Amino acid sequence: MRKRLWVLMLVPTFALIFFVNLYPLVRGGVISFQRLTVFNLNNPRFVGWSNYRAIITDPGFPRLLWNTFVWIACSVAFQFLFGLILALLLAKPFPGRGLYMGLVFYPWALSGFAIGLLWSWLLNGQFGIVNDILMRLGLIKVPIGFLSDERFAMFSVILVNVWYGIPFFAIMLLAAIQSIPSELYEAAQIDGAGVFRKLFYVTLPYIRPTIYSTILLRIIWVMNFPDIIYGMTRGGPAGATNILSVHMINIVYYRNNFGLASALGMIMTAILMVFAIIYLVLLERGEFEL
Amino acid sequence: MKKLAIVLLALLFCVVGLSEQVTLRMIQVFTSPLRTKVLEDIISKFEAQNPGVKIELISPPYETAYQKIYLMVSAEEPLDIVEVGDWSLSALASMGKLLSLEPYLAKSELTKYLVPGVLEAARTYKGTAYLLPNAIYVKTLFYRPDVISKYGITPPARTMDELLEHCRQLTKPEIGQFGFDFRGKGYPTAFIDIVMTSFFDDIDPNCMYLKKDGKLIFEDPRALEGLKFYIELFKTAPKDSINWGFDEQVNAFASGVTPYLFQDPDTVGLLNEIMKEGTYKTAPLPIGRGGKAYPTIGFAGWGITSYSKHKDLAWRFLEFFNSPEINAYWCKDYGALPVDMRVYEIDPYFKSETFYGWTAMFEDEAHYQFTKYPLDNEAWSEWNELHETTMQQVLLGKMKPEEALKIWADFWKKAGLGKK
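Which chain is which? The protein sequence lines are A and B, in order.
Throughout the first sequence, residue numbering follows my numbering, covering 737 to 1026 in sequence.
Throughout the second sequence, residue numbering follows my numbering, covering 28 to 447 in sequence.
Next comes chain A alone, as it looks inside the complex (with noise of 0.2 angstroms):
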């Protein structure tokens, strides 16, 4: 009796985890191998590896992985470097931190792809404040393409995009620099430690296994959110800022070509189990683990 509770108890779980992920990855599969757009989406036909090897032949799939890691590094990268550093700032009280931690902490709360048209607004190159400010303070003589000029196009992206996940990142960095226990630091402190050297054996050792989870969640989280460059530049210009993501949004969006887009789904899928992979590989080694 108690052995079957234990498993009528699993049934909602598998469930949840069977309806959520498993079916749509399989249904993804099977749509991936299949010709199926809006003219016969009652009337699917296998196509077999057609779909994936027209993503991978077309000449612009190498431009399109340069630039998914381009945004995903940069990205990562100065949203944990600024996360850290905010939360170093908050982690000791000061007055109206509750006040300052709720501005720095808003941009998480919003929507990608409404802070997407906000900033493509902001970076206008015609009407945009940003121009006009760095006009007015006499640093530049005429407006920056901000979106439209191909230099400038992947870093106003990016630039977004970091100001809007540094707070993920200071809010679980913050979480866990707090966790550290004070005798540590007055240890530290007794042996003559300055900053740095507190900062480099005592506090980033100490929150190691919440930066390696925290980094390899945002690396699968950056490259799964189309949201702010759609709403932007839709990957462009010229395809200046397109990305994996971006590009199965524009096949939906355009061409309504659902076999094709979900080839592209599981070529991204197939990436994204690397960092599945080392993580998993870093939780066996017991890296994520204080």
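Please note: incorrect hints may appear among the correct ones.
Here are the computed lysine-lysine pairs in the DSS-like style, where the Cα-Cα straight-line distance is at most 27 angstroms [unchecked claim]: (1) B:Lys72 <-> B:Lys239; (2) B:Lys72 <-> B:Lys139; (3) B:Lys242 <-> B:Lys255; (4) B:Lys72 <-> B:Lys336; (5) A:Lys877 <-> B:Lys199; (6) B:Lys177 <-> A:Lys877; (7) A:Lys828 <-> A:Lys934; (8) B:Lys134 <-> B:Lys255; (9) B:Lys262 <-> A:Lys877.
Honestly, the hints are just simulated from the structure, not real lab data.
None of the values given here were measured: they were computed from a predicted structure.
Since chain A is already given, all that's left is putting chain B on it; use the hints.
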């Protein structure tokens, strides 16, 4: 026993009451706060005239509306009236979930009052009307007389060469003044095509990308001339406009930064909201070196699902929507051109100066030949993405115009066009 009788009586009332209430579910695509308000108002009027009928309006965000419709319709989710735009008509009709409206049209009084060409346009897919258009969209030239007159320009450009000349004259980046209100993203196809085809004089009236001899326009030297002209026109626009869609275009025009704009009549509704009367006017599209301009008639309307349980009632709503009074109200507030000829007679608004650009084009058949996009071709939706990206590459100097034209020609050949 008495109690039981009361309960049964109450249940009977409930059943009768519920059975009298019929709910139609309709979904719109081009959702905006202004448009939804007008639509809800029209629905209320219909409900008032038809007691017991309720229309439930679904208004998804524009970006995801079609995907929502495709999924709902393919799964035969409860839906009676579906908004369909010209560019997605074939896709939706090919799913076999839209009802042929031909039997209704054959019996309807409305049919004989439809503006010429509207019904033909609605029969894009296999020669059958799967929607009843409720408004038509044709691009014309919007201009700001107050801005261009400061540069000694009156009247507005009548030819493409004049347009370029004016735009060059107007372009003073140092003071934030430019000429042409460019569109770089979000379906810029219709804009580039107006310019490029104006270099021809032999476009097929049934397909914008074919010449009358059946060959693709992209392999003709005039296409190269037109594309190079388009690049020159881009130089008179803010560089940022390569990343502009509809909102940015309207904003630039309303602020006077770019006083020349090609746009559809639904821009009128928006401009009337944000601009003072008389600060903008319309003129016919400039004629190109081919001596002509080739606008297309765009349209959107309502279709009925083939699995609807209330097809006749849904048609009654479509007829109501297209009745002259309602169609006038819809088009005036939303800003599109009415599909019923009677509206132009009963409402002087559509003969006002605001609509001069369109009326002049409709009356000048020698210079304005209406043509069609290959909307029934499966490659159409894919084309828009390719066209946008390659066009941007050309404008940024990353691709030669010749190379882009070859890509475009190859694309359409593969899709079965221009094989003659």
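Holds or violated: Lys242 (chain B) to Lys255 (chain B), with C-alpha atoms at most 27 angstroms apart: holds, 21 angstroms
27 angstroms Cα cutoff - pair Lys134 (chain B), Lys255 (chain B): Distance ~50 angstroms between Lys134 (chain B) and Lys255 (chain B) Cα, so the pair is violated.
Given pair status - Lys877 (chain A), Lys262 (chain B), alpha carbons within 27 angstroms: The hint holds at about 19 angstroms.
Proposed proximity, Lys877 (chain A) with Lys177 (chain B) (alpha carbon, max 27 angstroms): holds, 25 angstroms
Lys72 (chain B) paired with Lys139 (chain B) [C-alpha distance capped at 27 angstroms]: The hint holds at about 25 angstroms.
Given pair status - Lys199 (chain B), Lys877 (chain A), alpha carbons within 27 angstroms: Roughly 14 angstroms separates the two Cα atoms, so the pair holds.
27 angstroms limit on alpha-carbon distance, applied to hinted pair Lys828 (chain A) and Lys934 (chain A): holds, 14 angstroms
27 angstroms limit on alpha-carbon distance, applied to hinted pair Lys72 (chain B) and Lys239 (chain B): violated, 47 angstroms
Pairwise hint evaluation, Lys336 (chain B) against Lys72 (chain B), where the allowed Cα distance is 27 angstroms at most: holds, 22 angstroms
In this structure, the hints that do not hold are numbers 1 and 8, in rising order.
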